[in-house]
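A.B. asks: The residues making up each chain are set out below.
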Amino acid sequence: MFAPYIGEVRQIMADSGLERRGRTAQFDPHAPSWPRDPMQIILANDTAIELGSSDMASVSLVLLTNDASLVHDGQMFFAGPELSACAGRSLPFGKIILVAGHGFDEDNMYKRYEEMSLQRFSLDLAGFQPRSIPQANREWSRVSKKALKDGFSLTVLGNEQYRELHTLDFVDAVEMLFITSNAADVNLFRSLADRSAKAAQALNKMAEHLIYDCKECDYKDVCDEVDGLRRMHEKSMR
Amino acid sequence: MAESDTRIIAVCGKGGVGKTSISAMLVKTLMREKGTILAIDADPAVGFATALGLDPGRTVNDIRNDVIAEAKKGQKSSGNETIVRLDYSVFEAMIEKEGFAFLAIGRPETEGCYCKVNDFLRVVIEGLAARFDYVIIDGEAGIEQINRRVMERVTHLLLVSDASHKGINVIKTVEQVADSGVMDYDRVGALLNRLKSADEASRVDLGDIELLGALCEDDEIRERDIEDESLLTMPDDDATIAELRRAMVRFGVIEGE
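Residue numbers (this note's numbering), protein chains in the order written: chain Z, 1 to 238; chain Y, 1 to 257.
Take these hints with a grain of salt, some might be off.
As the list claims (entries may be wrong) - Okay, derived cross-link-like pairs now, DSS-like style, lysine-lysine, Cα gap no bigger than 25 Å in a straight line:
{"id": "1", "chain 1": "Y", "residue 1": "K72", "chain 2": "Y", "residue 2": "K116"}
{"id": "2", "chain 1": "Z", "residue 1": "K149", "chain 2": "Y", "residue 2": "K34"}
{"id": "3", "chain 1": "Y", "residue 1": "K166", "chain 2": "Z", "residue 2": "K145"}
{"id": "4", "chain 1": "Y", "residue 1": "K116", "chain 2": "Z", "residue 2": "K111"}
{"id": "5", "chain 1": "Y", "residue 1": "K97", "chain 2": "Z", "residue 2": "K149"}
{"id": "6", "chain 1": "Y", "residue 1": "K34", "chain 2": "Y", "residue 2": "K73"}
{"id": "7", "chain 1": "Y", "residue 1": "K73", "chain 2": "Z", "residue 2": "K145"}
{"id": "8", "chain 1": "Y", "residue 1": "K172", "chain 2": "Y", "residue 2": "K196"}
{"id": "9", "chain 1": "Z", "residue 1": "K146", "chain 2": "Y", "residue 2": "K116"}
{"id": "10", "chain 1": "Z", "residue 1": "K198", "chain 2": "Y", "residue 2": "K116"}
{"id": "11", "chain 1": "Z", "residue 1": "K111", "chain 2": "Y", "residue 2": "K72"}
{"id": "12", "chain 1": "Z", "residue 1": "K198", "chain 2": "Z", "residue 2": "K111"}
{"id": "13", "chain 1": "Y", "residue 1": "K73", "chain 2": "Y", "residue 2": "K116"}
{"id": "14", "chain 1": "Y", "residue 1": "K196", "chain 2": "Y", "residue 2": "K166"}
{"id": "15", "chain 1": "Y", "residue 1": "K73", "chain 2": "Z", "residue 2": "K198"}
{"id": "16", "chain 1": "Y", "residue 1": "K72", "chain 2": "Z", "residue 2": "K198"}
{"id": "17", "chain 1": "Z", "residue 1": "K146", "chain 2": "Y", "residue 2": "K97"}
{"id": "18", "chain 1": "Z", "residue 1": "K111", "chain 2": "Y", "residue 2": "K73"}
What the hints assert, rightly or not - Covered, in the sense of this in silico footprint (three residues per stretch, anywhere, with C-beta under 8 Å from a C-beta of chain Y), are these stretches of chain Z:
{"id": "19", "stretch": "34 to 41"}
{"id": "20", "stretch": "134 to 141"}
Since the hints were made in silico from the structure, they are not lab data.
Glycine is no exception: its CB is placed at the ideal position from the N, C-alpha and C atoms.
Please put together the full structure from these sequences, using the hints given.
C.D. replies: Quick look at the structure:
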């Protein structure tokens with residue numbers, strides 16, 4: 001359903017030159033698991049790095065497709081400095097997760113999208129505290145001083161996120177992009193983030209079968225843009 | 001979620017008996033212990049913020065109103081997404097200072113019934129509080145609004161009164177209301193405040209409520225109240241702070257030395 005948006009991500013990467021300025025890594029199946037701490041709180045005094053705080057550029061989204069050829073499984077892209085070089089700083093943050101899966105239909109699409117979307121915030125990685133506004137596709141995360149000292153990095157985050165998403169039986173491929181280079185680079189994806197957030201809201205509305213007349217629906221523009229959404233809605237109304 | 005061993009202290013009692021000053025001095029007392037502290041101002045007058053030398057800033061009620069405004073505009077979100085978004089906003093509204101964090105609840109809602117948003121906010125506040133070692137809630141006289149707007153369960157119900165018959169009646173009523181099922185708690189105890197001398201405590205009949213400590217009028221507090229100065233600037237060796245610490249040991253909030 002989000003296939004056009006995934007194409008747009010590739011286009012933005014190529015047109016802006018971001019692709020050339022970044023580096024890639026591959027999921028490491030041998031990397032040890034990062035410890036978990038479900039009851040942690042990272043307060044300002046314990047924070048080494050803020051990512052995407054409310055006064056910084058922030059984009060965090062999950063884009064889902066049933067076309068596995070659109071997602072390079074296990075690939076991670078990074079634009080910006082290593083976290084280890086950023087202690088004491090507040091950075092803009094872009095996190096884009098591309099997921100290919102199977103078995104999506106009008107009954108399960110929203111539930112699965114939400115499951116993946118919220119899973120980003122339930123990793124409970126020790127020393128990493130994400131908070132989000134899903135409706136705006138924003139994320140504000142903190143990395144603790146201890147975690148940074150212990151070697152926490154965006155590669156660690158990517159590895160753990162990859163593992164977690166692959167625990168879902170309908171997920172076939174996961175690719176991630178992390179951008180901390182500057183606000184302009186993160187904001188390249190802001191319009192896309194706003195539109196995909198609206199598409200997710202349309203999915204939610206559809207899941208609740210609230211509106212049956214496209215002319216009256218607030219999300220008509222999203223359905224016009226996202227090809228599969230209208231078909232799914234029409235099917236759900238039969 | 002893992003089990004939390006957070007000690008949550010709700011401070012209740014008649015208006016004017018010094019609940020807010022005691023709440024602020026509790027923050028100061030607990031800052032000497034090892035652990036994280038969340039101070040919650042559940043009184044619409046937001047006096048707790050002033051006593052801690054803070055500007056309350058954005059309140060939980062401001063967040064609630066934003067969410068309701070978005071809903072009225074037709075923006076759709078699932079319950080889970082709304083909770084995640086509220087969690088972000090509440091954390092953002094929390095003021096983080098050296099030694100403690102602070103959250104203001106703000107004025108009670110006035111328009112319409114949005115019970116679901118209130119329930120979500122309570123879930124978020126309870127989830128946030130469970131990650132701290134100590135939570136101090138400065139409320140209005142009773143506990144009903146703490147239960148409705150902050151959390152359903154506390155570990156320690158701290159009842160504050162002066163030596164007046166009216167003040168004592170209020171705390172006895174608060175305990176009865178709590179026991180009727182309004183608030184779940186582990187321990188209850190009373191602090192007598194603003195006494196002319198410690199002897200006055202012996203003239204007060206608290207019934208079954210455990211007396212935790214007796215605090216006399218304190219010029220250091222009075223001076224700061226007049227000057228609108230934070231009670232965190234009280235001297236560490238102040239007699240009230242020392243008595244408060246002993247009371248918290250008796251109450252099982254902190255370990256004795």
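A.B. asks: A separate judgement is required for each hint: does it hold in the structure or not?
C.D. replies: Tested hints:
{"no.": "1", "hint": "K72(Y) - K116(Y)", "result": "14 Å, holds"}
{"no.": "2", "hint": "K149(Z) - K34(Y)", "result": "22 Å, holds"}
{"no.": "3", "hint": "K166(Y) - K145(Z)", "result": "51 Å, violated"}
{"no.": "4", "hint": "K116(Y) - K111(Z)", "result": "20 Å, holds"}
{"no.": "5", "hint": "K97(Y) - K149(Z)", "result": "23 Å, holds"}
{"no.": "6", "hint": "K34(Y) - K73(Y)", "result": "46 Å, violated"}
{"no.": "7", "hint": "K73(Y) - K145(Z)", "result": "41 Å, violated"}
{"no.": "8", "hint": "K172(Y) - K196(Y)", "result": "22 Å, holds"}
{"no.": "9", "hint": "K146(Z) - K116(Y)", "result": "38 Å, violated"}
{"no.": "10", "hint": "K198(Z) - K116(Y)", "result": "23 Å, holds"}
{"no.": "11", "hint": "K111(Z) - K72(Y)", "result": "24 Å, holds"}
{"no.": "12", "hint": "K198(Z) - K111(Z)", "result": "16 Å, holds"}
{"no.": "13", "hint": "K73(Y) - K116(Y)", "result": "17 Å, holds"}
{"no.": "14", "hint": "K196(Y) - K166(Y)", "result": "17 Å, holds"}
{"no.": "15", "hint": "K73(Y) - K198(Z)", "result": "14 Å, holds"}
{"no.": "16", "hint": "K72(Y) - K198(Z)", "result": "16 Å, holds"}
{"no.": "17", "hint": "K146(Z) - K97(Y)", "result": "20 Å, holds"}
{"no.": "18", "hint": "K111(Z) - K73(Y)", "result": "23 Å, holds"}
{"no.": "19", "hint": "34 to 41", "result": "holds (count 4)"}
{"no.": "20", "hint": "134 to 141", "result": "holds (count 4)"}
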